[in-house]
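S.K.: Given next are the chains, with one letter for each unit.
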Amino acid sequence: MELLNLNIPSWSDLAYWRPEAILCGTFLAALLGDLIGRGRRPAISFVISVFGLITAGAYSVAAVLHGGAAHTIMGDLIIVDGMAAFFRLLFILAGLATVLFSWTAEEIMGRKRENKAEFFYLTVLMTAAMMVMAEARDLLMLFLSMEAVGLVSYVMAGYMRTSLRSTEASLKYVIFGAVSSGIMLYGLSLLYGMTGAMTFDGIRAGLLAGEVNGLSLLITVILILAGMSYKIAAVPFHFWCPDVYEGAPTPVAAIFSVGPKAAGFALMIRFFYTTLAAGADPSASAPLIELINWPLLMAVIAAVTMTYGNLVALRQLNVKRMLAYSSISHVGYLLMGFVLLTDAGLAAILFYLAVYTLMNLGAFFVVVALNNHIKSEELDDYAGIGFRAPWLGTMMVIFLASLTGVPPFAGFAGKFYVFTAVMDRQWFWLAILAALNSVVGLYYYFRVVKAMFLTRPAEGADTTPLKIHWLQYTVLAVLAVPTLVLGFWFGPLKVLADQAIGLLSTGM
Amino acid sequence: MTAADLIFYALAALTLVPALWVVGSPNIVHAGFNLLLTLLGVAGLFAWLGADFLAVAQLMVYIGGVLVLVLFTVMMTRVPQAREADSGAKRAILPGLFALGVLVVLLLVATGTHWGAPALTDAQPTTAEIGANFMTSYIFPFEYVSLVLLAALIGAAILIREPRGTEEDDEAGAAVETAEEEVQS
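From first to last, the protein sequence lines are chains A and B.
Quick note, the first sequence lines up with residues 0 to 507 if you use numbering that gives the first Met the number 0.
Quick note, the second sequence lines up with residues 0 to 184 if you use numbering that gives the first Met the number 0.
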């Protein structure tokens with residue numbers, strides 16, 4: 000047995016992996032805290048989770064400010080680079096906002112606050128697992144990190160144990176997840192068979208060196224895409240999405256709609272860019288991409304996803320379901336950045352994801368805040384809510400307008416970059432279709448605004464002002480202000496996204 | 000045809016024939032027992048390929064653990080008898096054609112690909128090497144999986160714990176009853 004050529008991780012690797020290590024520690028500490036409080040003191044876990052997330056966030060910010068080259072660590076299985084740093088911040092924002100907001104959400108804590116604190120530390124672990132997804136550079140870590148996020152998600156979807164809908168959501172998530180993982184594993188095994196390599200770089204080298212059969216590579220890519228499309232809920236692997244979002248507790252749906260999706264995109268960017276496109280002449284398409292006609296494949300998936308999501312969202316009368324379909328259509332817009340696998344397109348995805356995280360979390364959180372009071376997510380029950388909770392209503396308008404992509408809001412800037420990325424390479428039909436889709440979006444987003452502000456509530460309905468917890472207002476404001484500001488002052492975020500992708504393409 | 004080829008075809012048959020049964024059988028208990036044979040065939044294929052550790056793991060995890068669990072679950076829950084309409088031949092046409100198409104494509108891939116992975120020349124025991132790798136190069140995924148398994152454990156505890164609320168219990172109970180009535184009617 001040969002033990003000389005082993006690549007043994009050293010403790011110094013942890014220096015580049017502090018935020019993740021802190022979150023893993025936070026998970027264990029919060030778990031222990033829950034045990035010490037005998038499950039009756041959720042505050043212990045809540046405080047530990049918040050503190051851990053903030054500490055990890057501080058280290059992530061420090062890492063971004065420090066800049067620096069890519070480091071492959073943990074036996075070359077993990078890469079920490081600009082893109083990983085970007086996604087770290089995104090996931091910590093989503094995780095922290097969700098934990099803070101859930102503290103006062105009845106769906107999580109129970110009507111009499113009788114529930115335990117598992118939700119908080121599961122969210123922390125999910126945040127850490129999503130970070131690993133954005134850092135994987137090896138097939139083994141790719142699969143493990145996806146399964147880790149999946150396992151935590153299944154539990155969180157079924158968190159309302161006594162609700163049939165929640166249990167059903169969890170079961171659907173598990174079954175779809177298992178099937179798509181199986182399909183993806185088959186694709187990964189084919190890829191290993193073709194190249195004999197496990198790392199993404201090694202796979203590209205193997206594909207470029209060996210004689211590649213176009214059909215084999217195409218089928219392999221499609222099989223792997225199946226697994227990843229499930230994570231980001233792209234057509235035709237979107238079936239679980241509306242049911243899970245509707246059945247799961249709303250704060251869980253909120254983090255599902257941004258966290259695992261962004262993590263899926265991070266993994267897709269790193270995997271497909273590194274294996275198929277990296278290192279190619281930037282002025283022309285990479286040969287491997289040409290071989291399987293990747294642009295057309297992605298353009299069709301993007302077009303179908305955004306159109307399907309939008310058209311079905313039109314008919315939804317449940318706000319949560321509507322937001323679920325709207326999130327599918329946003330995945331379609333995001334996939335447009337993938338069509339060419341150019342730096343501009345990928346940076347546009349990162350920018351859009353950051354904006355999308357802010358506005359979509361916000362929209363879902365408003366639904367949570369309202370659900371605390373009116374116990375419903377039906378559009379009809381939203382009638383006149385804008386007068387009962389003016390601030391909440393205003394913020395919902397900001398989030399929805401931004402989701403639509405109307406100019407002074409951040410969503411417009413996000414769409415603008417994605418659209419220009421495809422038009423740069425003459426994919427006009429895709430850009431036109433996406434613009435038409437945005438107009439369709441206007442209708443169903445503003446139907447909610449109309450219900451909140453223009454519809455009179457039914458005779459005899461409760462019209463007392465709603466009391467929203469200050470913590471909820473704070474979190475919503477933290478999400479709403481950037482949604483507004485990023486609409487006209489988006490330079491810094493754009494620079495950050497460009498840097499992240501620039502480091503990906505140069506820092507092999 | 001050498002002896003090794005014969006063994007391979009025997010193992011492949013052991014995997015495939017019961018697998019067809021698993022898919023086609025209207026009786027879910029029969030399907031479960033046939034799955035046992037299929038998984039045994041897969042373990043045999045691993046052993047045939049020289050992956051001794053995987054073969055034993057397949058036996059212990061899938062046959063010893065997962066399958067026994069599946070059979071227990073099937074036998075302990077009330078299984079609605081498969082209705083005629085569900086197993087009708089008409090409904091099988093489209094999925095059957097789809098499956099056939101998938102088979103053709105996968106066969107084309109399997110035969111057309113230039114396999115670059117190094118072929119196994121002579122089989123050596125793999126267990127020691129796998130163990131050494133887990134403790135050195137692959138210690139990170141090894142530790143990471145333990146964290147994931149801990150989360151799975153907690154998740155299982157959450158999903159099976161006794162609910163504390165009382166009102167919601169009644170709601171859920173009523174919902175279950177109505178669902179059952181719908182199934183019966």
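None of these hints come from the bench; they were simulated from the model.
Keep in mind that this is a model prediction, so the values were computed, not measured.
Here a beta-carbon is modelled for each residue, glycine too, at the ideal position from N, C-alpha and C.
Careful: at least some of the hints might be erroneous.
If we take Cβ atoms under 8 Å as the criterion, some of the chain A residues that face chain B in the derived model are [claimed, not checked]: (1) L76; (2) E167; (3) L207; (4) L214; (5) F445.
Beyond 10 Å from chain A on every Cβ pair, some chain B residues (computed) [what the hints assert, rightly or not]: (6) V67; (7) G115; (8) D121; (9) I157.
S.K.: Does each hint fit the structure? Answer for all of them.
M.R.: Outcome of the hint check:
1. A least Cβ separation of about 6 Å between A:L76 and chain B falls short of the 8 Å threshold, and the interface hint therefore holds.
2. The criterion of a C-beta within 8 Å of any C-beta in chain B is not met by A:E167, whose closest approach is roughly 10 Å, and the hint is violated.
3. Checking A:L207 against chain B: minimum C-beta separation of about 11 Å lies over 8 Å; hint violated.
4. At a threshold of 8 Å, the smallest CB-CB gap from A:L214 to chain B is about 6 Å, leaving the interface hint in force.
5. Hint status for A:F445 relative to chain B: violated, with the closest Cβ pair at about 34 Å, above 8 Å.
6. Every CB of chain A lies more than 10 Å from the CB of B:V67, the least distance being 19 Å, so the non-interface label holds.
7. Interface exclusion of B:G115 from chain A breaks down, the closest Cβ pair being 5 Å apart, not more than 10 Å.
8. For B:D121, the non-interface assignment is confirmed: its Cβ lies about 15 Å from the closest Cβ of chain A, beyond the 10 Å cut-off.
9. At roughly 5 Å, the least C-beta separation between B:I157 and chain A is not larger than 10 Å, which violates its mark as non-interface.
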